[in-house]
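Q: Chain residues, written in single-letter form:
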Amino acid sequence: MNCPRLKAWLEERYDWEGMKRLAKGKLIPEHRYDLWYYTGGITLFLFILQFLTGMLMAFYYVPHIDFAHKSIIEIVTKLNMGWFFRSLHHWGSQLAIVFLFIHLFGTLLLKSYRKPREFVWLTGFILLGISIFFGLSGYLLLWDERAFAAVRVATGGAGAFPFIGGFIKAFLRGSMDVTGDTLLRFYAFHVAILPILTLGLIGLHILLVQLHGMSVPLSLQAEKRREIPFFPNAFYRDLAIWLVVTGVLVTLAVFLPPEIGVKADPLAPPPENVKPEWYFLFLMQTLKLFPGSILGMNGETIAILLVSGAILFFFLIPFFDQKSARGEKSPLFTWIGVIYLLYFLTMTAVGFLS
Amino acid sequence: MQRLAIMGKFRIRVSSVWPVWRMAAAILLLPVTAFAAPAAEKIAKIAVFPTAPYYIFIVYESLAVFWVAILGLLVIIRMKLREIERVQEMGADREDPDAPLLQ
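Those protein sequences? They're chains P and A, same order as listed.
Here the numbering used here runs 464 ahead of the position in the first sequence, where the first position is 1.
Here the numbering used here runs 15 ahead of the position in the second sequence, where the first position is 1.
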């Protein structure tokens, strides 16, 4: 399809040829670690799918304590393919967070955060935090007893944070306990506030990546390597990977549709062995390691302070790793990255199995 | 008339005895109903996947067709990519500034 008149129309108004040259001129380095480049693209693709399936469900979801649970049951049982889109949304969120973590640890271990890409790292890290909050807020919308108990524990944990914990807890819940106000608040976060923040940050993240270009690992910088154009070479590879991810996502959605529990009852005791979503398990296990009181201070508060400190260090790692910024190898930060990764994986596995 | 009178007496007798029987049955069946409660809860589990065999078959069939389509597209993309790389290796994709322009 050539469409010369359309091309001429566009050329008259915008620099169409210039844009084509820009797309063809963008080069991607080819090396043995270049598979990591595609994890960002997969995450972006999954975000787009989440937006689409979320919009479809928003047509039918009712954010009210009396109707929320019922409306989800109706989406699943009465709507044509409703069960499929809900399952797709559920598994899309799980896979998006999995790929976000893979992308994060890949960036960390390859030191792609080093100068001048500090802001690329910071925007990506904030996006991970937003995605986790997306997961938590979306989990409550189901309004079943497990989601209710998990959100009560999660918001209660935020309350243990010194000085501002009470404010965070009240802000998240909208009242003293998890109530209809919390549901409405989480709905507003899930469908309005977080998507706007996500869109803005994704735009900024991609813009910064375009500005700085793809990072090459320090160990390969001296080597002579080939560069391929983003369009069409890398674009077609991205397309192929997205197709496989779509296949995996659809297969998971068909074979493992998420269950719907009993409607939440704020007066009922919490169900046995309630666990948060898998990406909170490491946090839950860490809190379990600490005794109730340490030197007269609340053990949970100390644990939350330590975890927050570790996350803050992780967030600001490009500013601590000065050797990488100078283009030198920094094995200390590689080990720090490996320890973070092992701790996260071990605690998640222990939390899952216990 | 006599038959109607007998029926009336019988009805009175039954209706006077019936609440007692009902209560006794309820007390006797109480453990049974309590025992059956978890089963009732299990039945109430919400179906998150089509339950009719016909629809289940359609879902699995569609999934198989979907994977076939994905594999087909992957093959097409691979062929296209090879062709692009072959053209790039030949240098045929680069524009020649001295090439005569055919109008």
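Simulated from the structure, these hints should not be mistaken for lab results.
It cannot be assumed that every hint is accurate.
Label pairs and their in silico Cβ distance ranges [stated by the list, open to error]: (1) P:F777 <-> A:Y70: 38 to 44 Å; (2) A:V90 <-> P:I590: 35 to 41 Å; (3) A:R109 <-> P:L661: 57 to 63 Å; (4) P:R689 <-> A:V90: 55 to 61 Å; (5) P:F777 <-> A:R93: 39 to 45 Å; (6) A:A62 <-> P:G677: 47 to 53 Å; (7) A:D111 <-> P:Q685: 41 to 47 Å; (8) A:A84 <-> P:E538: 28 to 34 Å; (9) A:T66 <-> P:I590: 40 to 46 Å; (10) P:E736 <-> A:R93: 47 to 53 Å; (11) A:D111 <-> P:F808: 50 to 56 Å; (12) P:F808 <-> A:E110: 45 to 51 Å; (13) A:R97 <-> P:L769: 52 to 58 Å; (14) P:Y478 <-> A:R97: 42 to 48 Å.
Glycine is no exception: its CB is placed at the ideal position from the N, C-alpha and C atoms.
Q: Could you see if the CB distance from F777 (chain P) to R93 (chain A) stays within 39 to 45 Å?
A: holds, 43 Å
Q: Please test the hint of 57 to 63 Å on the beta carbon pair from R109 (chain A) and L661 (chain P).
A: The hint (57 to 63 Å, Cβ to Cβ) is violated, given that R109 (chain A) and L661 (chain P) are roughly 43 Å apart.
Q: Between the beta carbons of D111 (chain A) and F808 (chain P), is the distance compatible with 50 to 56 Å?
A: holds, 54 Å
Q: Is the hinted range of 45 to 51 Å satisfied by the C-beta distance from F808 (chain P) to E110 (chain A)?
A: Since the Cβ atoms of F808 (chain P) and E110 (chain A) sit about 50 Å apart, the hinted range of 45 to 51 Å holds.
Q: Assuming the hint says 38 to 44 Å, is it satisfied by the Cβ distance from F777 (chain P) to Y70 (chain A) or not?
A: violated, 52 Å
Q: Okay, R689 (chain P) versus V90 (chain A) on CB: inside 55 to 61 Å?
A: At roughly 28 Å between Cβ atoms, V90 (chain A) and R689 (chain P) fall outside 55 to 61 Å, so the hint is violated.
Q: At the C-beta level, are Y478 (chain P) and R97 (chain A) separated by a distance inside 42 to 48 Å?
A: Violated: the Cβ-Cβ distance is about 33 Å, outside 42 to 48 Å.
Q: Confirm or reject the claim that T66 (chain A) and I590 (chain P) have a C-beta distance inside 40 to 46 Å.
A: holds, 43 Å
Q: Could one say that the CB atoms of V90 (chain A) and I590 (chain P) fall in the range 35 to 41 Å?
A: holds, 39 Å
Q: Quick check on a hinted range of 28 to 34 Å for A84 (chain A) and E538 (chain P), using CB atoms only.
A: holds, 31 Å
Q: Could you say whether the range 47 to 53 Å given as a hint is met by the Cβ separation of E736 (chain P) and R93 (chain A)?
A: Holds, since E736 (chain P) and R93 (chain A) (Cβ atoms, about 50 Å apart) stay within the stated range.
Q: Holds or violated: 41 to 47 Å for the Cβ distance of D111 (chain A) and Q685 (chain P)?
A: violated, 34 Å
Hint check: violations occur at hints 1, 3, 4, 7, 14; the rest are consistent with the structure.
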